[in-house]
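Those protein sequence lines, which keep their order, are chains A and B.
Under the working numbering, residue 258 is the last one in the first sequence; the count climbs by one each step, no gaps.
Under the working numbering, residue 486 is the last one in the second sequence; the count climbs by one each step, no gaps.
It should be emphasised that the hints constitute simulated quantities derived from the structure, not laboratory data.
A portion of the hints provided could be inaccurate.
One-sided excerpt, in silico: chain A residues whose CB lies under 10 Å from chain B [to be verified]: (1) T46; (2) R176; (3) P180.
What follows is a list of derived Cβ distance ranges for each label pair [to be verified]: (4) B:L471 - A:R60: 43 to 49 Å; (5) A:P98 - B:T412: 24 to 30 Å; (6) B:A309 - A:G253: 22 to 28 Å; (7) A:T84 - B:A345: 26 to 32 Å; (8) B:T412 - A:P205: 34 to 40 Å; (9) B:A296 - A:D181: 35 to 41 Å; (10) A:G179 - B:A345: 25 to 31 Å; (11) A:L256 - B:L471: 19 to 25 Å; (12) A:L213 - B:D467: 19 to 25 Å; (13) A:Q246 - B:E277: 23 to 29 Å; (14) A:P109 - B:T412: 20 to 26 Å; (15) A:P102 - B:E300: 19 to 25 Å; (16) A:Q246 - B:A345: 25 to 31 Å; (17) B:G428 - A:T5: 36 to 42 Å.
For every residue, glycine included, the Cβ atom is placed at its ideal position computed from N, Cα and C.
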Amino acid sequence: MATDTRLLDGKTVIVTGAGGGVGMGIALACAQHGANVVIAARRTETGDPVAAEIERRGGRARSIRCDVASHADVHAAVDAAVSTFGALDVMVHNALAPVGPPTGIEDVPDETFRGMVGTALRASYLCATAAYPHLRANGGSLILLSSAAGIEGSPYIPAYGLVKAAQRGLAKSLAREWGPDGIRVNCIGPVAMTPAVEEVAKTSPVFTEGLLLNRTPLRRIGDPEADIGPVAVFLASDLSRYMTGQTLIVDGGGFLAF
Amino acid sequence: MTTRAGRRVVVTGDTALAEGVAAGLRELGALVVLLDAAYETEDDVRAAMEAAGDALGGGIDQVVHSWVEAALLDARVFAELSEETWAIACEHTLEVAWWTARQASPALRETQGSLVFLVPTIGMAGGAGYAMLAAVAEGMRVLAKGCGRQWGTTGATCNTVAVAPHHWTGDAAGAELTRNITLSVPAFGDQGDAASDLAPLVALLADDDAHFLTAATMVADGGTWMGL
Numbered sequence: 001m002a003t004d005t006r007l008l009d010g011k012t013v014i015v016t017g018a019g020g021g022v023g024m025g026i027a028l029a030c031a032q033h034g035a036n037v038v039i040a041a042r043r044t045e046t047g048d049p050v051a052a053e054i055e056r057r058g059g060r061a062r063s064i065r066c067d068v069a070s071h072a073d074v075h076a077a078v079d080a081a082v083s084t085f086g087a088l089d090v091m092v093h094n095a096l097a098p099v100g101p102p103t104g105i106e107d108v109p110d111e112t113f114r115g116m117v118g119t120a121l122r123a124s125y126l127c128a129t130a131a132y133p134h135l136r137a138n139g140g141s142l143i144l145l146s147s148a149a150g151i152e153g154s155p156y157i158p159a160y161g162l163v164k165a166a167q168r169g170l171a172k173s174l175a176r177e178w179g180p181d182g183i184r185v186n187c188i189g190p191v192a193m194t195p196a197v198e199e200v201a202k203t204s205p206v207f208t209e210g211l212l213l214n215r216t217p218l219r220r221i222g223d224p225e226a227d228i229g230p231v232a233v234f235l236a237s238d239l240s241r242y243m244t245g246q247t248l249i250v251d252g253g254g255f256l257a258f
Numbered sequence: 259m260t261t262r263a264g265r266r267v268v269v270t271g272d273t274a275l276a277e278g279v280a281a282g283l284r285e286l287g288a289l290v291v292l293l294d295a296a297y298e299t300e301d302d303v304r305a306a307m308e309a310a311g312d313a314l315g316g317g318i319d320q321v322v323h324s325w326v327e328a329a330l331l332d333a334r335v336f337a338e339l340s341e342e343t344w345a346i347a348c349e350h351t352l353e354v355a356w357w358t359a360r361q362a363s364p365a366l367r368e369t370q371g372s373l374v375f376l377v378p379t380i381g382m383a384g385g386a387g388y389a390m391l392a393a394v395a396e397g398m399r400v401l402a403k404g405c406g407r408q409w410g411t412t413g414a415t416c417n418t419v420a421v422a423p424h425h426w427t428g429d430a431a432g433a434e435l436t437r438n439i440t441l442s443v444p445a446f447g448d449q450g451d452a453a454s455d456l457a458p459l460v461a462l463l464a465d466d467d468a469h470f471l472t473a474a475t476m477v478a479d480g481g482t483w484m485g486l
């Protein structure tokens with residue numbers, strides 16, 4: 001995706017879970033707009049190629065292995081951003097553990113619940129607190145990847161709705177608390193075709209029976225880089241300088257609330 | 259759904275809010291048990307819920323969940339929060355809400371009963387100094403929606419009553435949080451008493467008249483937050 005406008009020139013962005021899917025899309029889009037990007041992925045086998053692609057396209061990137069539920073790893077990712085690029089301006093927390101198959105709340109395995117709490121909630125705390133001093137110094141931005149399920153609940157994966165909602169409550173509060181520090185905090189609720197979604201799409205009636213597409217006015221599932229990435233760029237850029245505490249649902253119009 | 263006289267209700271939590279709602283429900287004719295649980299494991303909650311059901315004569319018509327870790331009730335600078343505090347206060351409180359929904363489910367499905375989460379409105383509005391409480395509130399509110407969706411065919415309902423934050427934070431902090439929520443004073447001039455103002459709404463959610471209401475949020479803060 002070529003662009004003549006570089007909205008993030010000189011800024012440094014960390015994206016967690018950027019080894020694929022929405023995270024990769026956001027990382028590529030931020031780089032396209034001039035950002036230095038730190039690819040924080042659970043496995044360097046997935047993160048390294050994304051950093052390499054950014055550099056192939058003429059951008060600047062660094063890949064670092066990062067378990068987002070680990071205090072040491074998250075702080076190392078922040079340190080890497082600062083040591084490599086001199087600053088940190090935007091923290092994008094996107095990574096999430098597998099949500100598991102659709103199931104009743106009573107039957108969700110403990111491991112699945114704890115995985116989501118760890119990668120959504122613990123990680124949000126870690127990413128926010130590790131990034132805070134740098135975001136404060138630079139008038140930066142924290143972006144949490146949430147979901148429409150965090151607003152309307154999920155009939156299929158109830159723990160997912162719980163953690164995505166908790167992230168929104170956190171984001172609104174941090175927006176209020178950190179606003180005087182010049183830090184903005186917002187959420188994105190994306191719907192995009194990722195490898196994880198492709199796997200679900202093989203059997204879920206939401207896809208096989210066209211339920212999702214039928215309720216999506218734009219009649220397609222989003223692309224991580226072309227559709228979700230630009231929204232993250234907008235939230236990371238000065239274009240959204242007067243916007244904080246908000247959730248942007250980027251799903252082709254599938255979820256229309258309030 | 260049941261009539262109010264003799265309705266069998268379990269209330270979780272040990273704050274003035276929980277005790278006030280319990281007292282109000284008793285005034286309305288309900289048999290009310292405050293859940294006696296250690297809240298350290300899901301088995302604690304399961305055993306306590308079974309014991310509560312036995313104490314109520316063998317069934318539960320409504321569970322009102324208001325329990326939170328005490329560490330959530332104080333204002334804290336988020337950037338100075340320790341990871342341990344975050345885990346104990348925020349994550350564990352959500353974990354207990356999750357356990358409560360799972361362990362209340364069998365009894366409520368049997369009676370086509372009602373699960374109600376009591377949360378502060380700052381979950382929807384945000385609260386500086388109370389980020390953990392807001393995250394918990396919003397997580398519980400949307401957990402309620404997931405339960406409502408999943409339990410619908412059984413006749414059991416799951417709803418949220420969102421109330422003014424002072425019920426958790428105390429009057430001074432609550433007033434400050436409210437000032438940041440709205441530029442106007444509450445429509446009713448105050449933000450509600452647990453026994454006389456909130457308990458009737460909780461009772462309503464288990465009435466037959468509310469049998470078609472699930473996954474909903476009723477904001478009962480005297481007309482303060484009006485974001486819906």
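(message) For the hint 36 to 42 Å, verify it against the beta carbon of G428 of chain B and that of T5 of chain A.
(response) Because 49 Å falls outside the window, the suggested range is violated.
(request) Just tell me: holds or violated, for the beta carbon distance of A296 of chain B and D181 of chain A against 35 to 41 Å? (result) holds, 39 Å
(request) May I ask you to test the hint 34 to 40 Å on the CB atoms belonging to T412 of chain B and P205 of chain A? (result) violated, 21 Å
(message) Given P180 of chain A as an interface hint, is its Cβ closer than 10 Å to any Cβ of chain B?
(response) Holds, about 9 Å.
(request) May I ask you to test the hint 26 to 32 Å on the CB atoms belonging to T84 of chain A and A345 of chain B? (result) holds, 30 Å
(message) Verify the CB-CB distance for P109 of chain A and T412 of chain B against the hinted window 20 to 26 Å.
(response) Check passed, 22 Å falls within 20 to 26 Å.
(message) Please check whether Q246 of chain A and A345 of chain B have a Cβ separation lying inside 25 to 31 Å.
(response) holds, 28 Å
(message) Tell me if the beta carbons of A309 of chain B and G253 of chain A are separated by a distance inside 22 to 28 Å.
(response) violated, 49 Å
(message) Please check whether T46 of chain A passes as an interface residue: C-beta within 10 Å of a C-beta belonging to chain B.
(response) violated, 26 Å
(message) If I claimed the Cβ atoms of L256 of chain A and L471 of chain B lie 19 to 25 Å apart, would that claim hold in this structure?
(response) Hint holds: Cβ distance 22 Å, inside 19 to 25 Å.
(request) Indicate whether the distance between the beta carbons of G179 of chain A and A345 of chain B respects the range 25 to 31 Å. (result) At roughly 26 Å between Cβ atoms, A345 of chain B and G179 of chain A fall inside 25 to 31 Å, so the hint holds.
(request) Look at the Cβ atoms of Q246 of chain A and E277 of chain B and judge whether their distance stays inside 23 to 29 Å. (result) Cβ of Q246 of chain A to Cβ of E277 of chain B: about 37 Å, so the range 23 to 29 Å is violated.
Violated hints, in rising order: 1, 4, 6, 8, 12, 13 and 17; the structure is consistent with all others.
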